Amino acid sequence: MAVPSAAIQPRSSIFSRILSRWSESRNALGFGFMLPAAALLLVFLTYPLGLGVWLGFTDARIGRPGIFIGIENYEYLWSDAVFWLSVFNTLLYTISASILKFALGLWLALLLNQNLPFKSFFRAIVLLPWVVPTVLSAIAFWWIYDSQFSILSWALQQMGLIDHRINFLGDPENARASVIAANVWRGIPFVAITLLAGLQTIPQSLYEAATLDGASRWQLFRYVTLPLLTPIIAITMTFSVLFTFTDFQLIYVLTRGGPVNATHLMATLSFQRGISGGQLGEGAAIAVAMIPFLLAAILFSYFGLQRRKWQQGGGD
Amino acid sequence: MAAIETSNRPNTDEGGMGYLQSLPRRVVTVYLPLLIFVIVLLFPFYWMTITAVKPNLEMTDYANFNPFWVVHPTLEHIRYLLFETSYPGWLLNTIIISTAATFLSLLAAVFAAYAIERLRFSGARQVGLAIFLAYLVPPSILFIPLSVMVFNLGLYDTPFALILTYPTFLIPFCTWLLMGYFRSIPFELEECALIDGASRWQILTKIVLPLSVPGLISAGIFAFTLSWNEFIYALTFIQSSENKTVPVGVLTELVRSDVYEWGALMAGALIGSLPVVVLYSFFVEHYVSSMTGAVKE
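Quick note, the sequences are listed as chains A and B, same order.
For the record, in the first sequence the residue sitting at position 146 is 146 according to UniProt numbering, with numbers rising by one throughout.
For the record, in the second sequence the residue sitting at position 198 is 198 according to UniProt numbering, with numbers rising by one throughout.
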């Protein structure tokens, strides 16, 4: 124990007396302690959030402050087929990638929860895709998906499964599947390790009791594991959905929204219109259009968390 | 530091009912799927590494050379990367920016977390919730208004643009993590110190912080990794080549028109990943346990 409890002496300088009087008030001290974090967050998070909403109602361009134009940006987007395509892409991307990440992540978590040799080694290995910068691993996927020298095409050809090279990123359908696969690859570790942490808090005795009562393997999973894991699943999947929905990096590296906008997500479209195209107002409007979806995802998780209170008999 | 054990799990009977499963069954249901998972999760890294040391001739000639192996490994790509591009500069930028942003965020987060968790000022609960909600605000929504702000503040194309904006996602994260950690430190210790006449500042620096070193380390590693990996702000706020960070530099400067320097790209990706991988490999146990909040007294 490195706690010097007896060594602390009250000092008597004027400074410390003022400090101690000040520190008697929880609120004053709390305010002082919150100040650095609150200032940074208010200036660089809350204010830009408001500014973003405001920009969505203006025709601002890079280098020119805009004037208020009402909902013109939104009217334009409403009749813009590319915007709606990006909404569709984002939903498709989020829903399919999240389902795959959840299913595979849960499976991997269950595997890692078994009594394995080299347990911590496996855990460390599995985390790798999540640790490495997304952009850098996406560059590796870019090379794996290369139209001419794709190792996947080559391997499948050698095995005789396909007779010509797959155009992974050049064809709309393939490109969508490819970016989803890369996203799932990156997302599995997070889901798996978080769920593994949840699994490890479930006492073995519950399984033993259920087995004595004659529960099958499936019943053990369905009636013991799953209900006890629900709260952590709700949190994990909310985060996963949020980050997938607002994904930018992977698409920017692999396809930049192409071919023919087939993989444009709302975030990449917002970047393309707002920064590359210079139409800050329109880009901000696209970003603001993401907010309702995000709120829906957060509310969804909120109700997931509510269930935890119910499971624990009301207390939290 | 005997008061805090990082891995204290309830299921002390190792293996549980695993003995009920026969070996062949285990091979099919556990080892085989696990092997496939590990291969799929690791393959891109293998491919990255092997490409980084492969001569260009072998890289594109699948007929004469097995692509899964390298016959004459070469350091040419790495040499090119380190001596003929701005890569070392990007590496240095990323280190400076990540360290500064991490330090700033940790400092702010320690105070905020302590205030919310232990000072319990009026409205502390609401502030805690607000901090959590702040973490849910994604950079993809903020980058356009932030770019306007950064430009107006005269920070455009400087490291400060990133050092000041990264805390927007680091502070909520670190605060949340440290709040969980501070919660695990017994109240009695602080009460003892208060009776002995310690001020809140002394309690924080002499009792709470020394006890939460593991928590600070995990929060620091998280923050460092998150800023190392950040892309969209770095892409938007930095213009000139010498101020770029590794992820942005590799993507925007090494890819020239149609000629892809795959070897150099892969070497850049590999070297850019190494620092965070090394950090994690040292602290992976911390990481897993802090995620569970499995920090027990």
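There could be a bad hint or two in this list.
What the hints assert, rightly or not - Which residues of chain B face chain A? A partial, calculated answer using Cβ under 8 Å:
| # | residue |
| --- | --- |
| 1 | Leu92 |
| 2 | Gln126 |
| 3 | Phe173 |
| 4 | Thr175 |
| 5 | Ile232 |
As the list claims (entries may be wrong) - If the Cβ cut is set under 7 Å, some of the chain A residues that face chain B in the computed set are:
| # | residue |
| --- | --- |
| 6 | Leu29 |
| 7 | Pro36 |
| 8 | Ala37 |
| 9 | Phe44 |
| 10 | Leu45 |
| 11 | Leu110 |
| 12 | Gln114 |
| 13 | Phe118 |
| 14 | Pro133 |
| 15 | Val135 |
| 16 | Phe149 |
| 17 | Leu152 |
| 18 | Thr246 |
| 19 | Ala262 |
| 20 | Gly274 |
| 21 | Ala284 |
If you're looking for bench data, these hints aren't it; they were derived computationally from the structure.
Because the structure is a prediction, the values reported are computed rather than measured.
We treat Cβ as the ideally placed atom computed from N, Cα and C, and that holds for glycine.
Status of each hint after checking the structure:
no.: 1; hint: Leu92; in the structure: violated, 16 Å
no.: 2; hint: Gln126; in the structure: violated, 12 Å
no.: 3; hint: Phe173; in the structure: violated, 11 Å
no.: 4; hint: Thr175; in the structure: holds, 6 Å
no.: 5; hint: Ile232; in the structure: holds, 5 Å
no.: 6; hint: Leu29; in the structure: holds, 6 Å
no.: 7; hint: Pro36; in the structure: holds, 4 Å
no.: 8; hint: Ala37; in the structure: holds, 4 Å
no.: 9; hint: Phe44; in the structure: holds, 5 Å
no.: 10; hint: Leu45; in the structure: holds, 4 Å
no.: 11; hint: Leu110; in the structure: violated, 9 Å
no.: 12; hint: Gln114; in the structure: holds, 5 Å
no.: 13; hint: Phe118; in the structure: violated, 11 Å
no.: 14; hint: Pro133; in the structure: holds, 4 Å
no.: 15; hint: Val135; in the structure: holds, 4 Å
no.: 16; hint: Phe149; in the structure: holds, 6 Å
no.: 17; hint: Leu152; in the structure: violated, 10 Å
no.: 18; hint: Thr246; in the structure: holds, 4 Å
no.: 19; hint: Ala262; in the structure: violated, 19 Å
no.: 20; hint: Gly274; in the structure: holds, 5 Å
no.: 21; hint: Ala284; in the structure: holds, 5 Å
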